[in-house]
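**Q** Chain order of the listed sequences is C and G.
For what it's worth, this note's numbering labels the leading residue of the first sequence as 6, then goes sequentially.
For what it's worth, this note's numbering labels the leading residue of the second sequence as 902, then goes sequentially.
Errors might be hidden in some of the hints.
Covered stretches of chain C, going by a simulated chain G footprint (3 or more residues, C-beta under 8 Å) [as the list claims (entries may be wrong)]:
#, segment
1, 163-171
2, 642-653
3, 726-735
4, 782-795
Simulated from the structure, these hints should not be mistaken for laboratory data.
Cβ atoms here follow ideal geometry from the backbone N, Cα and C, with glycine treated the same way.
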Amino acid sequence: MTRLAPRDGQRIDRSTPLRFSFDGRDREGWAGDTIASALYASGQRVFSRSFKYHRPRGELCGCGQCASSLVTVDGAPGVRACGEPLREGMRVEHQNAWPSLRFDVMRATDLFGGPFTPPGFYYKTFIRPRRLWPLYERVLRSAAGLGRLRRRQDEREWRTEYRRRHCDVLVVGGGVAGLAAALRAAELGADVVLCDEDVEPGGALLAEGGHEHARDLARRCEQAGVEILSRAPALGFFDGLVPVWQGDTLHQVRAARHVAATGTIEQPLVFPDNDLPGVMLTGGARRLAALYAVSPGDTVVVATTEDRGLDAALALRDLGVTVAAVADLRPDVDGELAARVEAAGIELLRGTMPVRATGSKCVEGAVLAAVDASGAARGAGRSVACDVLAVCGGAAPASSLLLQAGARARYDEASCRFVAGELPAAVHAAGAVAGHEEARAAEVSGAVAGAEAALALGLGGSGERERLESDRARLCELTVPVPRIAPPAQAHDGRGRGKAFVDLDEDVTAKDVRYAAAEGYDSIELSKRYTTVTMGPSQGRFSQLASVRVLAGETSMSLGDVGLTTARPPWTSVPLGALAGRPFEPAKRSAIHARQREQGATVQWAGDWRRAYDYGDPEGEALAVQESAGMIDVSTLGKLIVRGPDAAELLDRLYPNRMSTLKPGRIRYGVLTSEAGRITDDGTVCRLDDESFYVTTTSSGAAAVEQWFSWWLADWSQLDVSLTDVTQGLAAINLAGPQARAILSQLTDLDVSNEAFPYLDGQQGAVADVPCLALRIGFVGELGYELHCPAAHGRALWDAIAALGARPFGLEPQRILRLQKMHILVGQDTDSESTPYGAATGWAVKLDKEQDFIGRWALERQAELSPPTELVGFTCPGGEVPTEGAAIVDASGAAVGQVTSSRRSPKLSRSIGLAMVPSDQAEDGAALTISDNGRRVAATVTTTPFYDPDGKVLRS
Amino acid sequence: MSLDFLTPAGSDRAAARSPLADAAAAAGARTEVRDGWEVATSFGDPAGEGAACRESVGFADLSHLAKVELQGPAGALDAALGGATLGTAARAHDGWRCRVRPDRGLALGALAAGAAAGAGVRALDVTAAWGALAIAGPQARELFARFCALDLRESALAVRGFRPGSVARTPGYVLREGPERFLMLFGAAYGAYLWEVVADAVAALGGRPVGLDALPALSSVDGGREAARA
Chain C
6 MTRLAPRDGQ RIDRSTPLRF SFDGRDREGW AGDTIASALY ASGQRVFSRS FKYHRPRGEL
66 CGCGQCASSL VTVDGAPGVR ACGEPLREGM RVEHQNAWPS LRFDVMRATD LFGGPFTPPG
126 FYYKTFIRPR RLWPLYERVL RSAAGLGRLR RRQDEREWRT EYRRRHCDVL VVGGGVAGLA
186 AALRAAELGA DVVLCDEDVE PGGALLAEGG HEHARDLARR CEQAGVEILS RAPALGFFDG
246 LVPVWQGDTL HQVRAARHVA ATGTIEQPLV FPDNDLPGVM LTGGARRLAA LYAVSPGDTV
306 VVATTEDRGL DAALALRDLG VTVAAVADLR PDVDGELAAR VEAAGIELLR GTMPVRATGS
366 KCVEGAVLAA VDASGAARGA GRSVACDVLA VCGGAAPASS LLLQAGARAR YDEASCRFVA
426 GELPAAVHAA GAVAGHEEAR AAEVSGAVAG AEAALALGLG GSGERERLES DRARLCELTV
486 PVPRIAPPAQ AHDGRGRGKA FVDLDEDVTA KDVRYAAAEG YDSIELSKRY TTVTMGPSQG
546 RFSQLASVRV LAGETSMSLG DVGLTTARPP WTSVPLGALA GRPFEPAKRS AIHARQREQG
606 ATVQWAGDWR RAYDYGDPEG EALAVQESAG MIDVSTLGKL IVRGPDAAEL LDRLYPNRMS
666 TLKPGRIRYG VLTSEAGRIT DDGTVCRLDD ESFYVTTTSS GAAAVEQWFS WWLADWSQLD
726 VSLTDVTQGL AAINLAGPQA RAILSQLTDL DVSNEAFPYL DGQQGAVADV PCLALRIGFV
786 GELGYELHCP AAHGRALWDA IAALGARPFG LEPQRILRLQ KMHILVGQDT DSESTPYGAA
846 TGWAVKLDKE QDFIGRWALE RQAELSPPTE LVGFTCPGGE VPTEGAAIVD ASGAAVGQVT
906 SSRRSPKLSR SIGLAMVPSD QAEDGAALTI SDNGRRVAAT VTTTPFYDPD GKVLRS
Chain G
902 MSLDFLTPAG SDRAAARSPL ADAAAAAGAR TEVRDGWEVA TSFGDPAGEG AACRESVGFA
962 DLSHLAKVEL QGPAGALDAA LGGATLGTAA RAHDGWRCRV RPDRGLALGA LAAGAAAGAG
1022 VRALDVTAAW GALAIAGPQA RELFARFCAL DLRESALAVR GFRPGSVART PGYVLREGPE
1082 RFLMLFGAAY GAYLWEVVAD AVAALGGRPV GLDALPALSS VDGGREAARA
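Construct the complete structure from the given sequences, taking the supplied hints into account.
**A** Shown next as structure tokens:
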């Protein structure tokens, strides 16, 4: 096929040929072509097969919005051929056909399977036998689809990233209205971003005779500082955040004002075989001819319901395309355009529309007839030979973003369209989407919207309001009613053959919508979900209105009462990878993390920290702690500095035990509870001086405790207290084991004897030349010192201790060791209902405390009652280590409790654990039955620590 | 007891290390101990690093910058913060005084430790709690746009503007030190993560990590205005 003669405004560069392949065969196009225009120019009408019936599909919209031209490019599926610029060496393949595009065996679904594949057939047909569903699913997925993903993960990956962009005004849509809005707002001093789906801004003007003006507007926008994002569709409206997808970048645009200049979407007509290749929208035909110099066909028939079609017929003829006839559904169409059509020798068939497209593989003709209100042809109609049937069933405002922003849709009888009603604050509409379709009116409406947006931001000079009023008046003058007629839901010639599609994406026919309605899916939302109409890649652009019309006809409701489905993002289908952004996960790491990795630590998540789990031998590490000395990085502990004259009172109010009686340099364990007396966290409190406390929390609870303290501090504003979270500023190392004291004594001038540095004492001093707060506490049950130092020195301190023989150990050995001492882990051994009395920490509640405290009332009540369950230790005589979470069951097998922790103790050579058990079983020697993955395990309760029950080791 | 254990006190035996030190070393940093801190002075190409700061974007580890948190009644803080109001910072000697909240501020820089002056104001050394990156160059704002949703346009964050907010999905602060130079503070434990994020983004923009010696002096970044004010 040869190209049309060169004309101004064409995008192609005839001096730059580009070679590509389609299904393995070499093709050639020119720079500026889309894949579709190059294919079409080479004579290729069919690009792929359809989703369900495997019907041949090709060019429809010509602007990258429909799903009829989906192809696979260099292995990436779902590329819209009519929007994707051609590149040298592209490898283009058809989708959804096997063994070839020309002969597809699954076409049998269309030829023979129609009666057996109504909406929801797979729900009904493949439900039994249930066990075969995996097989059904595999077959269905391979038979239907929108292309195949690349097989290998690395082939599916490409770099994507976010880019946040704040601006004063975001204009969505780069047509004449959008450009005018952006230009005016920028001229008034606004920081403006304009995003547009096409490769260049200009919109419909580019193909409809206004390319020079459109490009001039775009140039002036750039000169005014507008940032223009091309090939960048806006995906949605999220409370002011508009994600704009542009290739490998997702712009997250936050604007103070938004202008939607999204235009309208030309609508297809519904009639039998309205999907034959060669049936395309008039806009698509115009773009092919005007931008790419490709004649859509040898003979074109235009079918329309409004002036847009007449204009297209004239434009195509002017471009050198033969237009055989125009079928205009308006019986009394008149006026300048109609006269020009007839004057051009084009037959104008008033009051008619296609009632069938004819042809086997492509359009060979159209049957044009007058139709009644139901769409039935009056008479046999007239057959017109053609190879392209360009249709225009009116247009639908592209109002999805406006609706997502909060506008309500209503059906406007005069324009035969759903339009966006009152706009939300800070949102403006311009151009065709706002009803100003004619180019001059669209431009003025854009200027009005741009000025309104800028003025609302306090920009612009004194004369701008007068200018705005003047523009508004001019816009009123330019806004004139346009004669239109709504097409029937479906036209037909009464022969009953052929499928009339309302949704080409999903192969949903008018019959399908009616069938679903008859089954009770008679609201548009239900119909959508049952039939999948509007759920394809084009997001209902070309099927929403058609399906509403069919449903309205079937239910005898008005179009307004049927309404639209909820507008949801994304407005344009977008790869998930583009939404995901860069694959980085915020992780906290201690200052010693890298050193531990060098020492062989395996790392796991612990809350939001990456933490050493073990060094390959957890039991050996635990034994080393108990036999010589071990060291563990506990920098993840939450750490708060609480200071001020009222610091002690604050802590007394927050903890159920007394902190005000702590002497400087002493440490006390504390459990935090909610107002309902439930455990929320625990840790230690060290009094540094009269007005300063050092509070530690669990690793995962640090942020919550800090918020809890801050929240109450705000309420108790009369307390003079300062709170600072120093969790990330301090490294902490727990040096524990019989040799801990000896090791520490070599690193510090502090007297670390038991007399000078007893259990639960805290002292400051240099350790290995590093300023430290040393806390004599023992979570792992051995003689131990927690050394807290500036994180910047954490590694140096770690290295110094390791050099003296302490063996690093990880989280898993720590869990073994603490379990031997029955030290609880909040969150592991407690849940949201655990109270101190039920979690073996009732001793930390001092109800005789003078100071009122959080949870007091609830704890007093709990103290009067026996808790339903209690946390106890258990051992399994058989040596089993039950799964954490396994149920404690009674004689009938009913679950009455739960194993919260269990391990094998290398030191004790037996299994040990903690479990929530009914209170009447919470006594030494009580027998438990554990149901663990189908097996029953016998266990015996113990209420004292498994190791060092009297704490002699700890205090030694 | 005192709160001295919060303050890094580098010595020959135990130089203070930035939370970004391991990542910087892996990226080829050449280090020296300065004022008790092991700092990355260059990445082996001082000229290229300087060019990045002038022509695209460079980022340098400034975690050694002293940081002191100041808390107290708003009125008392005013004097300690050199008049910095909410959302702004004031230049003080070689450092900054930043207003975080009406009753909380941050003193940054060599003399931060001496910022406790003023009745009713409590100071706490948080140097090690916060990592710091200087981001400089004409592409600095574009770099931020890759991992930070704060509005850093001149109209929203002028020079001396100071914003708490999310940086790379973690809590942090951004201070605009000059037209094309920002200081970003973030939780020290996120250091390795932040380096990964920033290094990835900077590479895509043609920038690079730079050593301290390549980082332009504030006065030159700010066209001399800062020096004149000081």
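**Q** Taking the hints in turn, state whether each one holds.
**A** Here is how each hint holds up against the structure:
1. 163-171: Satisfied; 7 residues make the cut.
2. 642-653: This one holds; 3 residues, not fewer than the three required, reach chain G with a Cβ under 8 Å.
3. 726-735: holds (count 8)
4. 782-795: It holds: at least three residues are needed, and the segment 782-795 of chain C offers 3 whose Cβ sits within less than 8 Å of chain G.
Hint violations for this structure: none, all hints satisfied.
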